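Chemist: Chains as they are written, first to last, in the working numbering: chain A, 878 to 985; chain B, -9 to 102.
Note that these hints are calculated values from the structure, not bench results. Careful, some of the hints might be misleading.
Claimed, not checked - Derived CB-CB ranges, DEER-like:
1) His0(B) <-> Lys931(A): 29 to 37 Å
2) Ser884(A) <-> Ser69(B): 34 to 42 Å
3) Arg8(B) <-> Thr957(A): 19 to 27 Å
Said to hold, decoys possible - Only pairs whose alpha carbons sit at most 30 Å apart, straight line, appear in this in silico DSSO-like list of lysine-lysine:
4) Lys47(B) <-> Lys980(A)
5) Lys972(A) <-> Lys(-1)(B)
6) Lys980(A) <-> Lys(-1)(B)
7) Lys47(B) <-> Lys(-1)(B)
8) Lys972(A) <-> Lys47(B)
9) Lys931(A) <-> Lys980(A)
10) Lys931(A) <-> Lys972(A)
Stated by the list, open to error - Which chain A residues stay away from chain B? Per the calculated CB distances, all over 10 Å, these:
11) Leu888
12) Ile889
13) Glu892
14) Asn907
15) Asn908
16) Pro916
17) Gln919
18) Leu920
19) Pro927
20) Thr943
21) Arg945
22) Thr974
23) Leu981
Because the structure is a prediction, the values reported are computed rather than measured. Just so it is clear, CB atoms sit at the ideal spot from N, CA and C, and this is done for glycine as well.
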Amino acid sequence: GIQVEQSPPDLILQEGANSTLRCNFSDSVNNLQWFHQNPWGQLINLFYIPSGTKQNGRLSATTVATERYSLLYISSSQTTDSGVYFCAVLGGYQKVTFGTGTKLQVIP
Amino acid sequence: DSGVTQTPKHLITATGQRVTLRCSPRSGDLSVYWYQQSLDQGLQFLIQYYNGEERAKGNILERFSAQQFPDLHSELNLSSLELGDSALYFCASGTGGNTEAFFGQGTRLTVV
């Protein structure tokens, strides 16, 4: 099946700093999403981005499908950005594979 | 609020027991997905239903089963529970195909 790797696994940022999270996948995908899991466990949709670039406030994402990676940019980080960020890909046979996540801690 | 409703939010049960988790998809969504998130396994895809029919199967144990009813809500049945089944179980819904999925708040299952 498709392998999905995320980096870095852990990240500590000072409030106000910027960061880039990466998601690499091993095969062609039909769909890619980024999620934020907050400290209460809730999974929040950030982006549906099988290709191209999207922006939503301080967050933006870029997927280069031909090179099999996606990037999530967080600018001017806030403590509420803390949590785990997952990318998930939909490959053949409708199978969804999540990455292992990047755990982000933003400190005041 | 994603529009996907899962009940119950928390469940504590003993080993060997059987439980049923319920999911109501967003209005208009035909597809329901179930996932398990445990500490050592991360987020694992279990099964997908589309308009009442099973569409894709992931790492779902034989002790687990699911179905989607005519009103499109879905239930995940977990039987002969073991300590290792303790996890957060998520349901997601979408329109089907390669579209965006939206997640419920999850059911936290603790097996004691």
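Chemist: Next step is simple, just say for each hint if it's right about the structure.
Modeler: Verification of the hints:
1. With their beta carbons about 35 Å apart, His0(B) and Lys931(A) fall inside the hinted range of 29 to 37 Å.
2. Between Ser884(A) and Ser69(B), the C-beta spacing of about 38 Å keeps the proposed range 34 to 42 Å intact.
3. Remark: the range hint 19 to 27 Å for Arg8(B) to Thr957(A) is contradicted by a beta-carbon distance near 39 Å.
4. A hinted pair counts as satisfied when its Cα atoms are at most 30 Å apart, and Lys47(B) with Lys980(A) qualifies at roughly 28 Å.
5. Distance restraint check for Lys972(A) and Lys(-1)(B): the Cα-Cα separation of roughly 26 Å lies within the 30 Å cut-off, and the hinted pair is therefore satisfied.
6. The suggested pairing of Lys980(A) with Lys(-1)(B) holds, with an alpha-carbon distance near 24 Å, which does not exceed 30 Å.
7. With a CA separation close to 24 Å, the supplied pair Lys47(B) and Lys(-1)(B) stays within the 30 Å bound.
8. Of the supplied pair hints, the one linking Lys972(A) and Lys47(B) holds, its CA atoms being roughly 7 Å apart against a limit of 30 Å.
9. Taking the CA atoms of Lys931(A) and Lys980(A), the gap is near 22 Å; set against the 30 Å cutoff, the hint holds.
10. With a C-alpha separation of about 24 Å, the suggested pair Lys931(A) and Lys972(A) falls inside the 30 Å cut-off, and the hint holds.
11. Its beta-carbon lying about 17 Å from the closest one in chain B, Leu888(A) satisfies the requirement of being farther than 10 Å from that chain.
12. Distance check for Ile889(A) against chain B: the nearest CB is about 21 Å away, which clears 10 Å, and the non-interface claim stands.
13. Separation of Glu892(A) from chain B is adequate, the least Cβ-Cβ distance of about 27 Å exceeding the 10 Å criterion.
14. At roughly 4 Å, the least C-beta separation between Asn907(A) and chain B is not larger than 10 Å, which violates its mark as non-interface.
15. At roughly 4 Å from the closest C-beta of chain B, the C-beta of Asn908(A) falls inside 10 Å, breaking its exclusion from the interface.
16. Every CB of chain B lies more than 10 Å from the CB of Pro916(A), the least distance being 13 Å, so the non-interface label holds.
17. Against the 10 Å criterion, Gln919(A) falls within the reach of chain B, whose nearest CB is about 6 Å from its own CB.
18. With a minimum CB-CB distance of about 4 Å to chain B, Leu920(A) fails to clear the 10 Å threshold, and the non-interface call is violated.
19. The claim that Pro927(A) is not at the interface with chain B is violated, since a C-beta of that chain comes within 10 Å of its own (minimum 7 Å).
20. With a least beta-carbon separation of about 17 Å from chain B, Thr943(A) lies farther than 10 Å from that chain, consistent with its non-interface assignment.
21. Distance to chain B confirms Arg945(A) as a non-interface residue, since its nearest Cβ pair spans about 16 Å, more than 10 Å.
22. The Cβ of Thr974(A) sits about 7 Å from the closest Cβ of chain B, inside the 10 Å cut-off, so the non-interface label is violated.
23. At the 10 Å boundary, the C-beta of Leu981(A) stays outside the reach of chain B, the nearest C-beta of that chain being 16 Å off.
Consistency note: the structure conflicts with the earlier hints numbered 3, 14, 15, 17, 18, 19, 22.
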